[in-house]
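Put together the whole structure using the sequences plus the hints.
Chains as they are written, first to last, in our numbering: chain A, 1 to 261; chain B, 1 to 221.
Source of the hints: derived by calculation from the structure; they are not laboratory data. There's no promise every hint is true.
[What the hints assert, rightly or not] Stretches of chain A that chain B covers, calculated by requiring three or more beta carbons in the stretch to come under 8 Å of a beta carbon on chain B: (1) 43–54; (2) 95–106; (3) 215–227.
[Stated by the list, open to error] For the chain A half of the interface with chain B, some residues (derived, Cβ under 8 Å), not all of them: (4) Ile76; (5) Thr247; (6) Thr249.
Keep in mind it's a predicted model, so treat the numbers as computed, not measured. By construction, the Cβ of each residue, glycine as well, lies at the ideal position given by its N, Cα and C atoms.
One letter stands for each residue in the lines below.
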Amino acid sequence: MPVSPYEWNESIRQRNEYIEDRLKDGSPVVAISYDNGILMLCLRQTQRKIYEIYDKLAFSAIGNQADIEVIRTGAIDVAHREGFSRSPDDVSAHRIVGFAISPSIKKVYSDPFGAPLVIRGLFAELGKTVEKDQYVVVGYDGEFSNSSGFFVIAGTDYAEDRASLYLKAEMESGTLTLSHALSAAVYAWGLGRKHIEEEDRADGELPKDREQTGDVSSFITEHLKGAWTVEAAILERNTHRESRYRTLTDAELEETLAKYS
Amino acid sequence: MGFDTHGTTVIAVKYRDGVINIADRRATAGYTVMYDQAEKVLALDDYTLISISGSFAKSVEVVRFLRHSFKYFERSQLQPMSLDGKLQELSRLIAGNVAAAMEGIGAFIPVLSTFDREANTGRIFFYDAMGGQFETGEYGAAGSGSGPIRGVFEYILRTKGPFRDMGRECALRESITMLEIAADLDTATGGSAKYLPAAKYITADGIRDFTDDEIKTALGR
Numbered sequence: 001m002p003v004s005p006y007e008w009n010e011s012i013r014q015r016n017e018y019i020e021d022r023l024k025d026g027s028p029v030v031a032i033s034y035d036n037g038i039l040m041l042c043l044r045q046t047q048r049k050i051y052e053i054y055d056k057l058a059f060s061a062i063g064n065q066a067d068i069e070v071i072r073t074g075a076i077d078v079a080h081r082e083g084f085s086r087s088p089d090d091v092s093a094h095r096i097v098g099f100a101i102s103p104s105i106k107k108v109y110s111d112p113f114g115a116p117l118v119i120r121g122l123f124a125e126l127g128k129t130v131e132k133d134q135y136v137v138v139g140y141d142g143e144f145s146n147s148s149g150f151f152v153i154a155g156t157d158y159a160e161d162r163a164s165l166y167l168k169a170e171m172e173s174g175t176l177t178l179s180h181a182l183s184a185a186v187y188a189w190g191l192g193r194k195h196i197e198e199e200d201r202a203d204g205e206l207p208k209d210r211e212q213t214g215d216v217s218s219f220i221t222e223h224l225k226g227a228w229t230v231e232a233a234i235l236e237r238n239t240h241r242e243s244r245y246r247t248l249t250d251a252e253l254e255e256t257l258a259k260y261s
Numbered sequence: 001m002g003f004d005t006h007g008t009t010v011i012a013v014k015y016r017d018g019v020i021n022i023a024d025r026r027a028t029a030g031y032t033v034m035y036d037q038a039e040k041v042l043a044l045d046d047y048t049l050i051s052i053s054g055s056f057a058k059s060v061e062v063v064r065f066l067r068h069s070f071k072y073f074e075r076s077q078l079q080p081m082s083l084d085g086k087l088q089e090l091s092r093l094i095a096g097n098v099a100a101a102m103e104g105i106g107a108f109i110p111v112l113s114t115f116d117r118e119a120n121t122g123r124i125f126f127y128d129a130m131g132g133q134f135e136t137g138e139y140g141a142a143g144s145g146s147g148p149i150r151g152v153f154e155y156i157l158r159t160k161g162p163f164r165d166m167g168r169e170c171a172l173r174e175s176i177t178m179l180e181i182a183a184d185l186d187t188a189t190g191g192s193a194k195y196l197p198a199a200k201y202i203t204a205d206g207i208r209d210f211t212d213d214e215i216k217t218a219l220g221r
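Listed below in structure tokens is the structure:
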């Protein structure tokens, strides 16, 4: 155990550095509200990244896959226990994160001799209207926050900020359709990921003049030609199906991706 | 047995593109009509319907459990539960209820219909009180009104041909007529005068409700 305040500070600092260094390469995930639901989207190489947690709850994360699985299965267990013993209406992102996930992450993080969870997780909760949609992001130290409209998780704060600014502007024109949300999400992903890859090489932040539409578009095209594929799932507000969550098919993505081929 | 809400007719028939499920809306307790808007055709997942007969309270609890169980499996394991796995769970629940059912409490017998996407065909399973499971090629029915109409199914099969060759409207008309006959012959089965029967169908595209207009047309109104 650290014996002095200085040592405590130092151990926390090293711990954060260790985690942030591992999170840095994480491919961004974009979650955005549209008229008939919530869209979650990312480009990925091999590992699936977007998951259904409960009737109106989806989850995605960047970080260590084993750690992501721990949080994912933990959230599924809590949500189902709660939804079965009370009602599915009592399962909310805020309750799951605030009362189950965040305290557990904080506990692991606070143990100086244990390996901390390398994770930045995003829970999306479908509401009755776009305004009621909730996004709860939870960090490796258990810190969490709520927001509405959209959320992006990425490897660095700066990449998150840049992608978020873009989405904010996109959403100012009013409620999006799915097709608009899809193109906005793909572009925001490209913006975020481009920052991460270039920061990595340049060891600094990407200048904003490298965010020209053409640059980002060709960056996305390049990735799609390589080993990257789009993974997109939606939580549908109005559906006759028993499950609101579903993965979008290639046919449904075709129109959006046509401009990157 | 006056406190246990039960008594019904539920019918499942195959048709050209899948399976149709219909049920009356009456729930009874002894000689009392408890409720005339009961929902007895319930979706367990996007391709599976369960039509319940027997104890209403027990059935609803079983349906809630199965829904959660199937979804929990799919969400946590990242693959849907197999059809065999689902059937196994339902059989186990019925078998586990035998002792209580023998005491006269909470006996329930469902009919389970699903669209088998691998075989690209609708499938219907019915059960005995011990949890024994039977697959049927044409139709399944359960509830107090199902006995009196059993011969009608056979009559239709012999005179009009198999249900699985019928179109959707035709199969709905035949099964709704049988439900009306069951309502005439069985006090615990409600008629369609006050509230329309519940009717759903499953195809390769999932589960849909019949519209009120479709049901009225099938009833000849």
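Query raised in the report: What are the numbers of the hints that this structure violates, sorted from low to high?
Result: 2, 3, 5, 6
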